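In the numbering used here, the protein residues as written are 519 to 809.
Please note that a few of the clues may not be correct.
[Stated by the list, open to error] In the DSS-like style, the derived pairs of lysine-lysine whose C-alpha atoms are separated by at most 27 Å in a straight line are:
{"id": "1", "residue 1": "LYS564", "residue 2": "LYS607"}
{"id": "2", "residue 1": "LYS764", "residue 2": "LYS662"}
{"id": "3", "residue 1": "LYS564", "residue 2": "LYS745"}
{"id": "4", "residue 1": "LYS664", "residue 2": "LYS745"}
{"id": "5", "residue 1": "LYS781", "residue 2": "LYS792"}
{"id": "6", "residue 1": "LYS719", "residue 2": "LYS764"}
{"id": "7", "residue 1": "LYS745", "residue 2": "LYS719"}
{"id": "8", "residue 1": "LYS664", "residue 2": "LYS764"}
{"id": "9", "residue 1": "LYS781", "residue 2": "LYS564"}
{"id": "10", "residue 1": "LYS564", "residue 2": "LYS719"}
{"id": "11", "residue 1": "LYS792", "residue 2": "LYS607"}
{"id": "12", "residue 1": "LYS781", "residue 2": "LYS607"}
{"id": "13", "residue 1": "LYS781", "residue 2": "LYS719"}
{"id": "14", "residue 1": "LYS745", "residue 2": "LYS607"}
{"id": "15", "residue 1": "LYS662", "residue 2": "LYS719"}
[What the hints assert, rightly or not] Ranges between beta-carbon positions, derived for each pair:
{"id": "16", "residue 1": "ASN561", "residue 2": "VAL583", "range": "51 to 57 Å"}
{"id": "17", "residue 1": "ILE807", "residue 2": "GLY742", "range": "23 to 29 Å"}
{"id": "18", "residue 1": "ALA621", "residue 2": "SER731", "range": "28 to 34 Å"}
Honestly, the hints are just simulated from the structure, not real lab data.
Bear in mind that the values here come from a model prediction, so they are computed numbers and not experimental data.
Even glycine gets a Cβ: it sits at the ideal position worked out from N, Cα and C.
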Amino acid sequence: MTKRACGLLCVAVASIATAPAYGESSYSVSATPLYIGDAGLENGGKVRLQSMSGNVGGRWDLNEVSNIGVQINYAHDDWEFTDRAAPWKNVARYGISVPFMMALSPEWRLSVTPNVGVAAETGADSSDAVLGGVSAGAFKVFGKDKLIGAGLAVFSNLDQVRAFPYFIVSWKFDEHWRLANPLAVGPTGPGGLELSYDSGKGWDLGVGGAYRSSRFRLNENNVGAPKGVGEFSTLPVFFRAGYDAKVWRLDGYLGASVLGSLKTENANGDDVLKEDLDPALLAGVTLSIDF
519 MTKRACGLLC VAVASIATAP AYGESSYSVS ATPLYIGDAG LENGGKVRLQ
569 SMSGNVGGRW DLNEVSNIGV QINYAHDDWE FTDRAAPWKN VARYGISVPF
619 MMALSPEWRL SVTPNVGVAA ETGADSSDAV LGGVSAGAFK VFGKDKLIGA
669 GLAVFSNLDQ VRAFPYFIVS WKFDEHWRLA NPLAVGPTGP GGLELSYDSG
719 KGWDLGVGGA YRSSRFRLNE NNVGAPKGVG EFSTLPVFFR AGYDAKVWRL
769 DGYLGASVLG SLKTENANGD DVLKEDLDPA LLAGVTLSID F
């Protein structure tokens, strides 16, 4: 894994430790189509997901010991249920985060990232679909390409407050092998882990996984839970193959969505529907450009 964006949806934590020299700014844009194939539902029927997401961001130095960034993201989820009634249809998710990092000492770094966004089924009132929170962590740099730390994230996530600890790691064992977080911490969950092998010739391979859970407001015409909340959770495990061409990078993912579940809550917060999902094929591609 390199410092370039290479997660399913966002920038790797390793980029904090490998940022450009002081005085330089950096910008990035990425797009990710993602597909989760037919997954059997506990009470009958199947569901599949086709998602398209994008991210635009930048980073600027404030002084010699601190920098700040902005990340804007958008995702459109197209859900298809077969042989059963659909608990929801299309879902849009968009938001902004402002990562801040400063050096507390030559070895220690502090990272704080507030987030705010909207997640809603098509037709739902966006003012009822606001979510937000903050993640904060500290890590120690042991040398070039070696850092370990931990943090805590707290998010108000549509009628529910969630808090979870997370690990920060980017450890290069030698010129080829690295263990790092493949995804950024956010409302959908912690960053996960990926073990990767860098060939040194532009190609790299990785294997990893990360827990993800998204909540979104349902519209007033939803059949099962009008103005309620829908939720989808999964543990994606994947194999990744990437190619870094310096200015642009392409990563392909193939794996499985396991331990999946979906549920709906009515406007009072009571569970209306809750079902587990069978494992399903997961495939995706991320194209990212840095400039």
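Hints versus structure:
1. With a CA separation close to 14 Å, the supplied pair LYS564 and LYS607 stays within the 27 Å bound.
2. At roughly 20 Å between alpha-carbon atoms, LYS764 and LYS662 fall within 27 Å of each other, so this suggested pair holds.
3. Distance check on the hinted pair: LYS564 and LYS745 sit about 24 Å apart at the alpha-carbon level, within 27 Å; holds.
4. With a C-alpha separation of about 47 Å, the suggested pairing of LYS664 with LYS745 is violated against the 27 Å cut-off.
5. With a C-alpha separation of about 4 Å, the suggested pair LYS781 and LYS792 falls inside the 27 Å cut-off, and the hint holds.
6. This hinted pair checks out: LYS719 and LYS764 have alpha carbons roughly 11 Å apart, not beyond 27 Å.
7. Restraint check: the Cα-Cα separation between LYS745 and LYS719 comes to about 52 Å, which exceeds 27 Å; the hinted pair is violated.
8. For the suggested pair LYS664 and LYS764, the alpha carbons sit about 22 Å apart, so the restraint of at most 27 Å is met.
9. Proximity of LYS781 to LYS564 is assessed by CA-CA distance (about 14 Å); at most 27 Å being required, the pair is judged to hold.
10. The suggested pairing of LYS564 with LYS719 is violated, with an alpha-carbon distance near 42 Å, which exceeds 27 Å.
11. Restraint check for LYS792 and LYS607: satisfied, since their Cα atoms lie roughly 16 Å apart, inside the 27 Å limit.
12. Simply put, LYS781 and LYS607 have alpha-carbon atoms about 13 Å apart, close enough for the 27 Å limit, and the pair holds.
13. Restraint check for LYS781 and LYS719: not satisfied, since their Cα atoms lie roughly 45 Å apart, outside the 27 Å limit.
14. Taking the CA atoms of LYS745 and LYS607, the gap is near 14 Å; set against the 27 Å cutoff, the hint holds.
15. Simply put, LYS662 and LYS719 have alpha-carbon atoms about 20 Å apart, close enough for the 27 Å limit, and the pair holds.
16. Taking the beta carbon of each, ASN561 and VAL583 are about 55 Å apart, inside 51 to 57 Å as hinted.
17. Here the CB-CB span from ILE807 to GLY742 is close to 41 Å, at odds with the stated 23 to 29 Å.
18. Checking the proposed 28 to 34 Å range against ALA621 and SER731 shows it holds: the Cβ atoms sit about 33 Å from each other.
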